[in-house]
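Peer 1: So the chains spell out like this:
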Amino acid sequence: MTDQRTKAAPHNQPGTPEERHARLAEAARQLRVEILRMTAQAGSGHPGGSLSSAEIIACLYFDVLRLDPARPSWPERDRFVLSKGHAAPVLYAALALRGFFPRELLATLRKTGSCLQGHPHMRTTPGVEVSTGSLGQGLSMACGLAAAARIDGAGWRTWCLLGDGETQEGQVWEAAEAAAHFRLDNLVALVDNNGLQIDGPVSQVMAVDQVPRWQSFGWRVLEADGHSIPDLLAAMQAALAGSGRPAVIVCRTTKGKGVSFMEGQADWHGKAPTPEQLARALEELGCSGQGPALPGGVSR
Amino acid sequence: MFRPGTGTAWGCVEMTRVDVARLPRQATRDAYGEALVAAGRADARVVALDADLSGSTKSQKFGALFPERFFNVGIAEQNMIGMAAGLAAAGKIPFASSFAIFVTGRAFEQVRQSVAYPGLPVRLVGSHSGVTVGQDGSSHQAIEDIALMRVLPHMTVLVPADGPSTRALVNESLSIEGPVYLRLGRPAVPVLYGEGGFAAPPFKAGGSVTLLAGRDATIVACGVMVAEAVTAAYRAEAIGLSVGVIDAYSVKPLDRDAVLAAARATGALVTAEEHSVIGGLGGAVAETVAEEYPVPVIRVGLLDRFGESGAPDELLKLCRLMADDILAAVRRAVAVKR
Ligand SMILES: Cc1ncc(C[n+]2csc(CCOP(=O)(O)OP(=O)(O)O)c2C)c(N)n1
Ligand SMILES: [Mg+2]
Numbered sequence: 000m001t002d003q004r005t006k007a008a009p010h011n012q013p014g015t016p017e018e019r020h021a022r023l024a025e026a027a028r029q030l031r032v033e034i035l036r037m038t039a040q041a042g043s044g045h046p047g048g049s050l051s052s053a054e055i056i057a058c059l060y061f062d063v064l065r066l067d068p069a070r071p072s073w074p075e076r077d078r079f080v081l082s083k084g085h086a087a088p089v090l091y092a093a094l095a096l097r098g099f100f101p102r103e104l105l106a107t108l109r110k111t112g113s114c115l116q117g118h119p120h121m122r123t124t125p126g127v128e129v130s131t132g133s134l135g136q137g138l139s140m141a142c143g144l145a146a147a148a149r150i151d152g153a154g155w156r157t158w159c160l161l162g163d164g165e166t167q168e169g170q171v172w173e174a175a176e177a178a179a180h181f182r183l184d185n186l187v188a189l190v191d192n193n194g195l196q197i198d199g200p201v202s203q204v205m206a207v208d209q210v211p212r213w214q215s216f217g218w219r220v221l222e223a224d225g226h227s228i229p230d231l232l233a234a235m236q237a238a239l240a241g242s243g244r245p246a247v248i249v250c251r252t253t254k255g256k257g258v259s260f261m262e263g264q265a266d267w268h269g270k271a272p273t274p275e276q277l278a279r280a281l282e283e284l285g286c287s288g289q290g291p292a293l294p295g296g297v298s299r
Numbered sequence: 000m001f002r003p004g005t006g007t008a009w010g011c012v013e014m015t016r017v018d019v020a021r022l023p024r025q026a027t028r029d030a031y032g033e034a035l036v037a038a039g040r041a042d043a044r045v046v047a048l049d050a051d052l053s054g055s056t057k058s059q060k061f062g063a064l065f066p067e068r069f070f071n072v073g074i075a076e077q078n079m080i081g082m083a084a085g086l087a088a089a090g091k092i093p094f095a096s097s098f099a100i101f102v103t104g105r106a107f108e109q110v111r112q113s114v115a116y117p118g119l120p121v122r123l124v125g126s127h128s129g130v131t132v133g134q135d136g137s138s139h140q141a142i143e144d145i146a147l148m149r150v151l152p153h154m155t156v157l158v159p160a161d162g163p164s165t166r167a168l169v170n171e172s173l174s175i176e177g178p179v180y181l182r183l184g185r186p187a188v189p190v191l192y193g194e195g196g197f198a199a200p201p202f203k204a205g206g207s208v209t210l211l212a213g214r215d216a217t218i219v220a221c222g223v224m225v226a227e228a229v230t231a232a233y234r235a236e237a238i239g240l241s242v243g244v245i246d247a248y249s250v251k252p253l254d255r256d257a258v259l260a261a262a263r264a265t266g267a268l269v270t271a272e273e274h275s276v277i278g279g280l281g282g283a284v285a286e287t288v289a290e291e292y293p294v295p296v297i298r299v300g301l302l303d304r305f306g307e308s309g310a311p312d313e314l315l316k317l318c319r320l321m322a323d324d325i326l327a328a329v330r331r332a333v334a335v336k337r
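Top line first, the protein sequences correspond to chains D and W.
At position 123 of the first sequence the residue is numbered 122 (numbering that gives the first Met the number 0), and the sequence of numbers has no breaks.
At position 288 of the second sequence the residue is numbered 287 (numbering that gives the first Met the number 0), and the sequence of numbers has no breaks.
Every clue listed holds true.
Okay, the calculated bits of chain W under chain D, using three or more residues with CB under 8 Å as the criterion:
hint, stretch
1, 65–75
2, 89–97
3, 115–128
Just so you know, these hints were derived from the structure itself, not from any lab.
Every residue, glycine too, gets a C-beta built ideally from N, C-alpha and C.
When you get a sec, could you build the whole thing from the sequences and use the hints?
Peer 2: In structure tokens:
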């Protein structure tokens, strides 16, 4: 991404496209490692939908978003809303690896007194912009954020990640019509279209055909392989083109991606791996020890 | 003497009798419309949202003057609350208005999750509260909104009795950190504060106004019932009872000091609100005295029933929300006190 604000993005590293893609793929791998470790440690949580969002979050937090971890409330920062708040582990992992708070805190997820609540809370966690967890509400808040930037003539953007099952909520479509009506082209929604919700396939529980649905609401619709870094980066860049319309990226994903026995299993929506399952999963991710995913990390 | 944050000290009374029936009248929603414009002029952070009722809630004037800061979201109250939360998270002071039942009922969970839990400074404005909505009937008459908002942590609940106190509270709300629910009404009601009425103290969250001091019982009222309470207190004199009246416009935080002082001084309380007797001002007062200084509390309000269609004053009669109903409650309270 290049625009006049690139200077304010300390994490944007020079390099060839291949280096950039490799760096982000590594970031996604590390996010997965942290998701699994922290949910196993907590003994509960939502690995499936966190794993399916790993590349999306890696591209945003390690490349696209203008953020300064040393100044979480820097007024010009881009805003990210995790509307599918149950995927808190992937967000917390990204915030920790980017240095918003120490990585050790991830081990306190869901524990009494922890700043890492089971679902994101803006008052306890540096870098969390709004409080979510009740599905269907995040896109409305993202509209409000984007409207505020518009009023102020500010250049920061608002991004919002939704689940595909989540889009069954009527409020999502109230927000969708409002974003189009108010021409919020500083707002980008992303749908983690992993095809699963708690009770099974979205197509069976209550089908939502994402592309025509968003199109009919007046949105500019982009599609991407949600596990392909180049695909996601291209779509994110295109989404920012600014056309008087809000943009949505429908991301084809696999729930539980990266862990063979979790992939495509609705069952892994909301349960933590046992220590044995964690060990197997980490091995698959090329990381068997208990130490940091990779010394040095990828945050800079 | 008014003590900021604690309300009016006991014993401060108007010496001359206020003739409630002859006071000029104004709807609190009209006063809100004026106050919102003033707030918008005074503070560039003020933005307003409405859900296709801006002509009724009176946010329309603000929208005409500040179109870039006004969002009519259509008939979509849940999204309105979420957008207000997002605007607040980005440093704005949003006023989100609709009918009281829709802003607190339809969007209750949005208010809870997106506004109250993070303590965002959204001002929820519910006009058309209570049965004085009139002919539209029960679907449009909020009788449970105070209870719904009062139960939420972080929430301030303000129920002004007239235009001047509404204007003062809108202005005051600009400096309240967390979320605020402002309950307004549809009909024109007596202008209690100002010329010919009571002296207007500063209105603050956690405050109250002791309009009349009494010896035998005290009526704690809010909203349209304050004027009825004053009338009831004057009528009580004729039967030899000295009755005080408190305008408890801040239902949450409640002015505990004023309520407890009244309990100690008069030994019997009556609450009066255009709301269910469950969970509203009556609940708040009863909870307070039960823990600190138990005295009889007789609650005047809707007796676990919905409203219905009709002329507002006829509905007040039907639902036993008139001065004489309050007076009957006062007699009961005095009779049961030890
Ligand atoms: C309003 C609301 N209803 C129900 C839930 C419980 N819930 C949590 S996650 C979930 C399924 C979400 O499915 P989807 O949006 O597809 O998310 P993903 O597959 O990405 O995990 C449900 C029903 C909730 N959090 N909020
Ligand atoms: Mg899903």
